[in-house]
Amino acid sequence: MTDRRVLALVYAGGVLFGFGLGFSHMARPEVVLSFLELYDFGLLFVMFGAAIVTGTAYFAVPRLRDTAPITGSAYARRLKTLDKNVVIGGGIFGVGWGLSGICPGAAYASLGIGNYIMLYGVAGMFAGAYVQGVVRSSAADETKAATADD
Amino acid sequence: MQELIEILFPNGVFHYAVGGIFVGLGAALIYVGTGISAGASTFLESTLSYVSDASRFQQYRPSRDWRVVFTLGIVSGAAVYAVVFQGGIWLTEVEPWRLLAGGFLIGVGTRVGKGCTSGHGVCGVGSASGASIVNVAVFLSIAVGVALVMASLGLGVAR
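Protein sequences, first through last, are from chains A and B.
Here the first sequence stands for residues 210 to 359, numbered as in our numbering.
Here the second sequence stands for residues 6 to 164, numbered as in our numbering.
Only chain A is shown next, with the shape it has when bound in the complex (with noise of 0.2 Å):
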């Protein structure tokens, strides 16, 4: 079980995420559509506005003191490898993105401002998690099994 005080505070987080998805309209398809259609270009605020704050979070505190204080971890940026499956994924999420409107995010702040009919989302959402998952780590185990018996 995970810290009482890192649930709080990732609580309090949530919140204040969630609170910004739903008055910048991105829990609503039709406004993050209207964008990827080329027709109104707010989205950009969403995204330039929220990267501003959390890049000078991510490049002041650490700066200010090693580690944070409620988990003792130290700060680290968030750097994945570039690798093909970055490009392939991205490229994957990208047709969803366009034909729904919808992202993780934004669809569970979807829920929250009452718009049950993103039940339909979110259940695609996790079936796809669960199919890449379940194929990935039976070819992992298959790796695994392969290399051990060299």
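Simulated DEER-style distance windows between Cβ atoms:
1) A:Thr290 with B:Arg66: 20 to 30 Å
2) A:Ile261 with B:Pro15: 15 to 25 Å
3) A:Lys353 with B:Trp95: 41 to 51 Å
4) A:Leu273 with B:Ser157: 42 to 52 Å
5) A:Arg214 with B:Glu11: 39 to 49 Å
6) A:Ile297 with B:Asp58: 25 to 35 Å
7) B:Ala163 with A:Lys353: 43 to 53 Å
Hints listed in this document are in silico derivations from the structure and should not be mistaken for laboratory results.
Idealized CB from N, CA, C, for every residue including glycine.
Using the hints, position chain B against chain A.
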């Protein structure tokens, strides 16, 4: 100039910018307090670890509790917005099949691609991560292409 702004932003920019700042504050609060980069799509796999033994899901076991809480926070925060500013529920007119099929591809793509609009788009770009900038450029350009094709088929929803 004024005219150009009205063409690019027919619904204004205020609520977009303010909403974006709140999204950033939420991610920043979690980062400052805990050192965690909060992403929304890992929740899909970490939550599946409660019901599946597959190794892809089980690897997220240590973080699954806070990820459930993060998602509950997102739902709650959006509900606060709905109660205070929206005054009642709001329902989408995007067809369920598009949500379901799009959702499926998002479930696959965000997990294969190591993140979504929050992990790569907000935290990753905020970290000036090369992988995140590439991922965002790919999903953004492809999504625009798909949405324009849908619109050309008479399935556009822009308003």
